[in-house]
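Enquirer: Produce the entire structure from the sequences given, and follow the hints as far as they go.
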Amino acid sequence: MAAPTTQLELPPAMIEVATAASDWVLILPVVLALMGAALLLMLRNGRGWQAGFALLTVVAIIGCEVELLRRTMELGPQTMTMGKWLPPFGISFTADVMSAGFALASALVAFVALLYAQADIAEREIKYGFYSLVLLLLAGVTGAFLTGDLFNLYVWFEVMLIASFGLMIMGGRKVQLDAALKYGFINFLATTFFLVALGYLYGLLGTLNMADIIRVAPDAPVGPMTAIAALLLLAFGTKAAAFPANAWLPASYHAPDAVVSALFGGLLTKVGAYALLRALVGLMPASRDIMDPVITGLAVATLIMAPLGALSQTNLRRAIGFMLIGGIGAVLAGLAMPSLRGIAGASIYAFSSILTIAALYFVAGLIERMTGEEDSRLMGGVYTASSPLSILFLILVFAMAGLPPFLGFWPKVLLIEAGLGDGSIILVIAIVLNSFLTTVAGSRLWAHIFWRAGREGEHSEQPNDRIKPLSRADKWWAMAPTALLVAVIVWFGLMPNPVIEAGRTAAADLLHTERYVASTGIEVQP
Amino acid sequence: MEFALAALVGMFFATAVYLLLSKSVIRMLLGVGILGNAVNLLIFTAGRLTREVPPIVPEGGVQLVEPFANPLPQALILTAIVIGFALFTFLLVLGYRAYQELDADNTDTMRIAEPEHAPRPPLSY
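So the sequence lines, in the order shown, correspond to chains A and B. Quick note, the first sequence lines up with residues 1 to 526 if you use the numbering used here. Quick note, the second sequence lines up with residues 527 to 651 if you use the numbering used here.
No lab work stands behind these hints: they were computed from the structure. Where is the CB? At the ideal position from N, CA and C, for every residue including glycine. There is no bait here: all hints are sound.
Computed footprint of chain A on chain B; a stretch qualifies when at least three of its residues, placed anywhere within it, have a C-beta under 8 Å from a C-beta of chain A:
| hint | segment |
| --- | --- |
| 1 | 543 to 557 |
| 2 | 565 to 572 |
| 3 | 597 to 609 |
| 4 | 615 to 626 |
| 5 | 634 to 645 |
Reference listing, derived: stretches of chain A covered by chain B, where coverage requires no fewer than 3 residues with Cβ under 8 Å from a Cβ of chain B:
| hint | segment |
| --- | --- |
| 6 | 155 to 169 |
| 7 | 193 to 199 |
| 8 | 247 to 259 |
| 9 | 301 to 314 |
| 10 | 374 to 383 |
Expert: The following block contains the structure:
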């Protein structure tokens with residue numbers, strides 16, 4: 001049979017040149033994490049070097065993301081499209097400053113978590129694939145940050161979800177099974193709502209590429225678009241643990257090992273927050289404006305209820321879980337004030353919260369290991385055993401509450417400025433009240449754990465004799481990396497200019513999407 | 527046809543919500559299974575129901591001949607089915623294991639992670 005001799009004419013929707021080598025930096029973080037996870041799973045019996053290989057992989061990922069962040073800062077949003085089809089047909093990865101910054105912060109947290117795991121993870125958990133699951137989780141999170149396609153976002157959510165299930169039940173204690181069951185059901189439900197919204201969105205617009213949605217969304221009928229936006233708010237709000245759908249978080253995040261809690265607290269809810277900002281501000285701003293009163297209400301409720309929950313807790317890691325929800329309230333507040341300052345504040349707060357919450361869980365894990373307790377009433381007197389730990393804890397509480405001179409302060413300043421400029425006084429009051437209540441809850445925990453001599457009740461005056469000092473390995477593998485993370489938070493608190501500038505660029509790209517759309521090559525009719 | 531499918535999707539959703547609201551893990555699992563199918567049907571219906579030829583380029587041609595069926599919703603559903611199936615399987619095993627370990631099928635009695643009579647917040651310093 002003779003081969004067809006007619007030269008095929010490539011339709012104009014195809015990319016005819018090879019992808020520039022430098023563009024691969026967009027997809028490499030995800031590829032590296034997935035390949036690393038697969039390789040570690042295949043070689044799971046070589047326990048000696050699992051940690052080393054995982055660390056190397058994460059260092060390579062961090063390298064890629066630093067380069068990506070530099071490129072997005074200098075050249076604007078970057079797009080890589082796979083499979084030779086131009087968007088909206090081909091699947092693209094699109095990164096702007098916000099996604100690259102979040103991805104970088106997540107990789108940094110994963111790096112510290114891998115070091116911390118040397119002191120925190122039992123031998124048999126390594127055999128069950130701890131390091132592969134961490135890399136898979138990182139792949140899901142990074143993919144969710146960098147993707148430029150809503151259906152892809154759904155897939156990355158699921159990658160992240162299944163990896164987090166594995167990490168959640170690793171160890172198989174009863175409390176973990178109980179927590180994982182609730183966590184599993186509610187997260188499955190949230191992703192299903194997301195999928196429902198995607199089905200409607202595809203039926204309505206005929207596209208799921210983010211840049212293409214930006215192009216066609218203004219012409220879509222208002223009613224259905226608002227319904228879709230509301231579904232997305234519900235789905236991502238549940239993922240991010242915003243007010244009415246937040247009960248699952250404090251019920252589950254304290255169950256696994258401390259290092260897993262830290263990964264979850266740092267990474268997972270922030271993906272929900274990122275998706276909220278991207279979908280409601282970037283993709284469908286008109287629908288967001290209609291839902292503004294609802295978002296404001298949710299933000300105020302989250303900001304105030306969460307630290308009250310933290311005040312009512314005696315379990316240390318559950319209390320931190322409530323503080324984490326309060327941080328999501330700040331992101332929602334930015335969502336409710338879509339001005340440049342508001343969005344910049346929200347994205348910087350989410351960035352700082354990735355680092356701060358993870359570090360807070362790391363410190364909590366160390367405290368639990370020293371005292372052998374989870375209940376803050378029984379912890380007292382840790383100060384005598386490790387005073388540096390008390391400083392780390394206090395810094396993190398202040399950073400979480402937004403007190404100067406730590407990283408959490410600047411986004412709150414931006415948010416309050418935005419609120420005053422907007423005239424949304426109620427949000428300003430809620431943010432200030434949230435800072436106050438978080439400070440009260442956190443410093444009370446500090447007073448109980450570090451300042452008080454012994455256990456609550458009759459022994460509170462006697463020194464707590466059940467405290468074990470940290471071992472050498474704990475200090476080197478767990479406390480030193482945590483201190484490094486805290487040092488980053490303090491450094492950015494003292495020198496906030498690069499962060500604020502990046503936040504402003506991110507907010508500008510989210511509010512004025514021309515550069516984002518242009519990077520994918522889709523033409524917008526004026 | 528779209529009407530019938532839309533009604534079916536609605537029924538699936540109602541059943542799934544009813545089952546998910548019950549306290550028994552087995553019923554919730556059934557609800558999850560039905561919910562997954564409801565969403566897949568919804569995407570299928572939202573992608574328009576047409577009786578067209580498959581999107582295959584005819585021999586000798588360089589592009590599709592209109593009208594052709596839209597393959598994208600089916601690709602979306604295929605992905606969603608695979609993912610939903612994996613998650614459902616995991617939840618099934620998790621539910622069974624929780625039943626073995628906690629000896630409970632009723633979520634009301636699973637209160638280890640979130641104790642029912644939580645201790646009062648510390649009142650004294």
